[in-house]
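2 protein chains.
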Amino acid sequence: MKLAVIGAGAVGRSVVELAGEYGHEVVAVADSSSAIVEPDGVDAEAVLTRKAEIGVVGDDDPDDALAADYDVLVEATPTTLGDAEPGFSHLKTALERDRHVVLANKGPVAERFGDVRALEADSAGGVRFEATVGGAIPAISTVEDVEPSHVTAIRGVLNGTANFILTRMAAEGLDYDHVLAEAQDLGVAEADPSFDVEGTDAALKCVILSNVLSFGAAADPSSAREFTLADAAVSGIRDIPGSALRLAAEDGRTVRLIGEATGETVRVAPRLIPENGTLAVNGTQNIVQIETTHAGRLNISGRGAGGPETASAVLGDVGRLK
Amino acid sequence: MKLAVIGAGAVGRSVVELAGEYGHEVVAVADSSSAIVEPDGVDAEAVLTRKAEIGVVGDDDPDDALAADYDVLVEATPTTLGDAEPGFSHLKTALERDRHVVLANKGPVAERFGDVRALEADSAGGVRFEATVGGAIPAISTVEDVEPSHVTAIRGVLNGTANFILTRMAAEGLDYDHVLAEAQDLGVAEADPSFDVEGTDAALKCVILSNVLSFGAAADPSSAREFTLADAAVSGIRDIPGSALRLAAEDGRTVRLIGEATGETVRVAPRLIPENGTLAVNGTQNIVQIETTHAGRLNISGRGAGGPETASAVLGDVGRLK
Numbered sequence: 001m002k003l004a005v006i007g008a009g010a011v012g013r014s015v016v017e018l019a020g021e022y023g024h025e026v027v028a029v030a031d032s033s034s035a036i037v038e039p040d041g042v043d044a045e046a047v048l049t050r051k052a053e054i055g056v057v058g059d060d061d062p063d064d065a066l067a068a069d070y071d072v073l074v075e076a077t078p079t080t081l082g083d084a085e086p087g088f089s090h091l092k093t094a095l096e097r098d099r100h101v102v103l104a105n106k107g108p109v110a111e112r113f114g115d116v117r118a119l120e121a122d123s124a125g126g127v128r129f130e131a132t133v134g135g136a137i138p139a140i141s142t143v144e145d146v147e148p149s150h151v152t153a154i155r156g157v158l159n160g161t162a163n164f165i166l167t168r169m170a171a172e173g174l175d176y177d178h179v180l181a182e183a184q185d186l187g188v189a190e191a192d193p194s195f196d197v198e199g200t201d202a203a204l205k206c207v208i209l210s211n212v213l214s215f216g217a218a219a220d221p222s223s224a225r226e227f228t229l230a231d232a233a234v235s236g237i238r239d240i241p242g243s244a245l246r247l248a249a250e251d252g253r254t255v256r257l258i259g260e261a262t263g264e265t266v267r268v269a270p271r272l273i274p275e276n277g278t279l280a281v282n283g284t285q286n287i288v289q290i291e292t293t294h295a296g297r298l299n300i301s302g303r304g305a306g307g308p309e310t311a312s313a314v315l316g317d318v319g320r321l322k
Numbered sequence: 001m002k003l004a005v006i007g008a009g010a011v012g013r014s015v016v017e018l019a020g021e022y023g024h025e026v027v028a029v030a031d032s033s034s035a036i037v038e039p040d041g042v043d044a045e046a047v048l049t050r051k052a053e054i055g056v057v058g059d060d061d062p063d064d065a066l067a068a069d070y071d072v073l074v075e076a077t078p079t080t081l082g083d084a085e086p087g088f089s090h091l092k093t094a095l096e097r098d099r100h101v102v103l104a105n106k107g108p109v110a111e112r113f114g115d116v117r118a119l120e121a122d123s124a125g126g127v128r129f130e131a132t133v134g135g136a137i138p139a140i141s142t143v144e145d146v147e148p149s150h151v152t153a154i155r156g157v158l159n160g161t162a163n164f165i166l167t168r169m170a171a172e173g174l175d176y177d178h179v180l181a182e183a184q185d186l187g188v189a190e191a192d193p194s195f196d197v198e199g200t201d202a203a204l205k206c207v208i209l210s211n212v213l214s215f216g217a218a219a220d221p222s223s224a225r226e227f228t229l230a231d232a233a234v235s236g237i238r239d240i241p242g243s244a245l246r247l248a249a250e251d252g253r254t255v256r257l258i259g260e261a262t263g264e265t266v267r268v269a270p271r272l273i274p275e276n277g278t279l280a281v282n283g284t285q286n287i288v289q290i291e292t293t294h295a296g297r298l299n300i301s302g303r304g305a306g307g308p309e310t311a312s313a314v315l316g317d318v319g320r321l322k
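From first to last, the protein sequence lines stand for chains A and B. The letter at position 280 of the first sequence is residue 280 when you use full-length UniProt numbering, and the numbering goes up by one with no holes. The letter at position 159 of the second sequence is residue 159 when you use full-length UniProt numbering, and the numbering goes up by one with no holes.
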């Protein structure tokens with residue numbers, strides 16, 4: 001398939017770098033201010049070098065990438081809330097041209113799921129978004145396989161930054177501020193870590209999962225309950241003292257930021273869990289636990305973030321669109 | 001889709017029972033001596049009751065089921081080795097009629113993978129076999145998504161009977177014979193448990209996985225290395241004394257029957273593993289660990305066997321064939 005990659009952050013760059021290994025060709029790349037369009041396929045290494053050295057991908061306009069002749073638009077611009085722009089418009093443009101869309105950007109499916117499904121219904125193109133939840137973990141496709149109406153709940157550790165911090169607090173007996181500083185030094189936490197430590201990132205992923213369950217089980221989309229971030233009950237990890245983890249450990253437990261999604265509710269909060277249990281993944285790992293009607297509980301864990309990991313999920317989705 | 005279900009053991013019966021919930025219709029069912037064919041869909045409850053009460057599914061001949069008008073043949077007869085008959089012939093008949101085949105029977109893909117792929121290449125029908133490895137765990141479809149050429153190795157706990165026995169030996173400090181008797185009372189082990197405790201069942205699953213990796217990565221099927229059970233290095237759990245598990249526990253480890261599959265080797269053996277590590281799933285649970293080039297390690301655990309669990313994998317495959 002021919003890909004147009006919109007967004008040249010870690011994920012977009014990894015998709016450009018790895019597309020050839022999955023048998024696909026990148027015909028356009030855009031960042032916020034530039035683009036390159038090559039109908040015979042861009043020179044991936046040259047594009048990535050150019051971006052690294054001078055901060056642009058090419059001499060064209062971003063709109064040229066949206067207008068290019070591609071089969072799949074990969075939307076990898078930063079997640080935005082509310083109207084989910086400009087990502088939503090990129091998706092809309094592609095679908096109105098009857099092209100496919102693969103999202104790494106959570107905004108459109110967390111905040112405007114109904115609008116996305118409506119545009120998809122009127123288009124020959126399809127929309128997939130495995131990369132928006134759990135990085136390399138095939139969460140959404142596993143829910144599709146067992147069918148959303150056969151899933152009673154999904155829970156998990158969906159933010160690697162928060163999980164890393166709590167893992168280190170438990171392992172070293174250190175306080176939050178100390179471990180946060182360590183995480184920032186390692187590049188595991190951002191300079192402004194709120195999105196991760198307040199639970200917003202995990203909540204967006206749970207909102208997406210609840211939308212998948214709700215719309216997947218509904219007789220028709222117009223009757224499906226739509227979730228947005230506003231529907232999520234969210235609390236983060238800022239207020240957890242080191243003493244809470246020491247107390248938990250005395251009882252064979254630990255504290256982790258756990259997200260829960262059903263077709264009815266979305267909730268993210270720190271929870272006490274068995275310290276050697278399945279949910280207690282370590283460091284930046286993620287885990288998704290899917291409760292099914294006929295197949296019991298499925299657990300899938302792996303790397304929840306990272307350029308190559310997320311690109312792997314994007315390219316897996318491209319393969320499913322063939 | 002219209003399904004013909006060949007085999008009325010636990011898996012076949014569960015597929016008949018659950019097909020409607022996945023939006024499919026069963027038009028034919030066969031056991032070893034009888035069949036029922038209903039173009040408008042069989043009465044699932046009546047068929048299952050008949051089978052339970054008098055041991056047959058209907059008044060027709062098994063060949064009538066193979067000749068029926070179906071979209072997908074579900075092959076759920078007992079796994080046989082060597083020529084994999086009669087399962088292989090059932091698959092051949094369906095593919096020669098340009099119908100799809102979903103296997104729960106391991107024989108054809110463990111012992112005759114090349115022949116299966118060749119028949120599939122000449123047919124409008126496709127062959128899927130998620131249910132042959134790891135029950136409810138989406139092992140094969142996850143390997144497909146990340147692409148076999150991007151998988152360096154797969155390892156796991158693939159036999160619930162052996163894992164149950166070792167889990168109980170470790171937990172209770174009991175010897176093999178005692179725990180085997182307990183497992184047989186619970187129906188977790190067969191009267192003749194060799195297939196499970198000698199590692200043959202786990203080995204067949206690893207052979208299937210190695211075939212998926214080998215054929216998936218090959219430029220063309222004729223150059224792919226084909227694996228059969230004869231290629232597997234297998235040792236089971238019969239000779240593990242209770243003392244070995246006690247010794248392991250002193251070092252924070254335990255013993256589990258671990259299968260490994262790459263595009264080059266197939267190996268099943270008891271191994272020392274960290275007792276709280278990811279591979280140390282408990283009881284009859286299975287786990288599949290997939291090592292990938294770009295996405296790190298993916299772990300998927302869940303129920304590895306059972307009628308509804310395996311039927312869930314079969315019906316997931318039917319959905320992927322649509």
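These are calculated hints, taken from the structure and not from any lab test. In this text the structure is predicted, and so the values were computed from the model without any measurement. Backbone N, C-alpha and C define an ideal beta-carbon position, used for all residues, glycine too. Mixed in with the good hints, there may be bad ones.
[To be verified] Looking from chain A toward chain B, a few residues come up when the C-beta cut is under 10 Å (computed): (1) Glu96; (2) Gly135; (3) Gly316.
Each hint, compared with the structure:
| no. | hint | result |
| --- | --- | --- |
| 1 | Glu96 | violated, 26 Å |
| 2 | Gly135 | holds, 8 Å |
| 3 | Gly316 | holds, 4 Å |
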